[in-house]
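Okay, here's what each chain looks like letter by letter:
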Amino acid sequence: MKRKRAWLVIFTMLTLAVLAFGVADGSWMRHVPAKDHDRKNPYAGQADAVAAGRLIYEDHCSKCHGENAEGTKKRPSLKSARVQQEATEGDLHWLLVNGNMARGMPSWSKLGDPQIWQTIRYVKSLGQ
Amino acid sequence: MRRYLWFLLVTVAASACCCAQERPYFVTYSHEMEEPGNLEIEMYNAAGKPPAGNRFIGTTTEFEYGAKAWWTTEFYLDGQVTWHDSTIFTGYRWENRFRPLLREHRINPVIYIEFENTSADKALREVVGHDGRPDFLDTNAEARVDKEREIELKLILGSNFRGWNLSENFIAEKNLGGGAWEFGYAVAASRPLSLAASAHKCTFCPEKFQAGVEMYGGLGDWNSFGTRLTSQYLGPTINWSAPNGMTLSFSPQFGLNDYSLPHTYRVGISYEIEQVVNRFRRGE
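If you're matching them up, the sequences are chains W and S in order.
Residue numbering for the first sequence follows our numbering, beginning at 6 and increasing consecutively.
Residue numbering for the second sequence follows our numbering, beginning at 490 and increasing consecutively.
A few of these clues could be false.
Here chain S is said to cover these stretches of chain W; the calculated rule only asks that three of the stretch's residues, wherever they fall, bring their Cβ under 8 Å from a Cβ of chain S [as the list claims (entries may be wrong)]:
no.	region
1	37 to 47
2	54 to 65
3	114 to 124
Far from chain S by the CB rule (all over 10 Å, computed), these chain W residues [as the list claims (entries may be wrong)]:
no.	residue
4	81
5	89
6	129
Pairs of lysine-lysine residues, derived as DSSO-like cross-links and limited to a Cα-Cα distance of at most 27 Å, are as follows [as the list claims (entries may be wrong)]:
no.	chain 1	residue 1	chain 2	residue 2
7	W	79	W	9
8	S	538	S	697
9	W	68	W	78
10	W	68	W	40
11	S	663	S	636
12	W	84	W	68
13	W	40	W	79
14	S	697	W	129
15	W	40	W	78
16	W	45	W	78
17	S	557	W	79
18	W	9	W	78
19	W	78	S	557
20	W	68	S	636
21	W	68	S	538
22	W	45	W	84
23	W	84	S	538
24	W	68	W	79
25	S	690	W	84
26	W	68	S	663
27	W	129	W	68
28	S	690	W	129
Note that these hints are calculated values from the structure, not bench results.
All residues carry an ideal CB built from backbone N, CA and C; glycine is no exception.
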């Protein structure tokens with residue numbers, strides 16, 4: 006009976022672990038609604054927006070994602086192919102507004118849309 | 490006077506060791522949580538003078554830690570100085586805020602739970618029940634006899650829309666030593682003076698300032714719900730995000746009825762230490 010219970014606990018934990026990895030594999034992009042995915046950055050092509058975004062990045066993001074966005078031990082690099090090529094600017098906007106709280110990424114809606122778009126301009130400029 | 494100077498010195502010393510883009514609210518909580526891993530040290534002062542009473546400054550020193558992106562925990566130490574009376578430590582509080590919905594919605598709820606052990610408190614961090622002008626007329630020695638071990642629950646609702654933040658708090662408080670549930674509310678709205686950031690480093694750019702308005706008050710208790718014999722306050726509020734993580738806030742607040750203090754002045758200073766735990770880890 007005890008052994009049966011132990012197996013049940015192990016099975017439950019393994020299932021939860023698999024589910025957690027499923028959520029943790031960067032699959033936040035799958036949750037982005039199509040209208041958000043297709044949103045265009047109103048600051049596209051503006052050099053000032055990159056400079057402003059850099060300052061916002063330094064204030065709010067660099068401690069976790071690294072001074073040059075290379076990532077830290079626990080937080081991902083923003084120079085990865087996922088961020089630079091797979092994710093649209095609309096996807097990143099959705100992520101910054103909603104966060105990925107289960108994985109430690111807070112919501113940055115308090116910055117307001119203009120500063121969020123400026124930050125995205127800077128982040129995307131890192132891959133150019 | 491010497492006592493006041495000592496109090497100010499302690500206030501400034503504590504603040505100097507101490508913040509970021511915070512809402513300019515003194516009583517109202519927004520739905521925005523502390524970033525995970527960050528520690529914010531805050532000091533808020535409320536100065537006022539009840540008619541026929543002594544001038545006072547109530548102060549709160551807060552240590553706010555982002556345990557998770559959805560969970561913020563905070564510890565407070567309270568004190569106050571009353572002219573022609575004494576300077577005293579008035580107690581402590583421990584609060585936890587939980588955000589049940591992990592995405593941003595039009596209205597974002599946060600559950601707030603606090604335990605407090607205070608007496609003779611004049612920090613005015615919340616107004617509930619029939620709190621009002623008479624509470625400020627007792628001497629500190631008299632007021633300290635009345636120990637308040639209380640549990641406080643809040644439903645915080647917050648929205649961010651086109652740069653505006655709108656926050657509403659519904660408060661229920663119960664003295665564990667007896668007495669009825671007391672109720673209160675706080676509402677506030679604010680907006681940065683500019684939504685877009687400047688392309689160059691600056692200290693006094695409009696986006697570094699946030700301005701708004703805050704209103705709060707008591708709603709009576711379980712046996713006498715309503716606004717009769719309650720105090721109500723309203724005032725403009727502003728803050729400035731100074732360089733290096735410091736935020737300074739100021740608000741003059743005005744009593745809306747005879748049961749309230751005619752006016753109080755609030756000053757806040759906060760400092761944010763980013764990723765505080767990592768600073769103690771090797772190699773980071």
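Identify every previously stated hint that the structure contradicts and give their numbers, smallest first.
-> Hint check: 1, 7, 8, 10, 13, 15, 16, 18, 20, 21, 23 and 26 fail, others pass.
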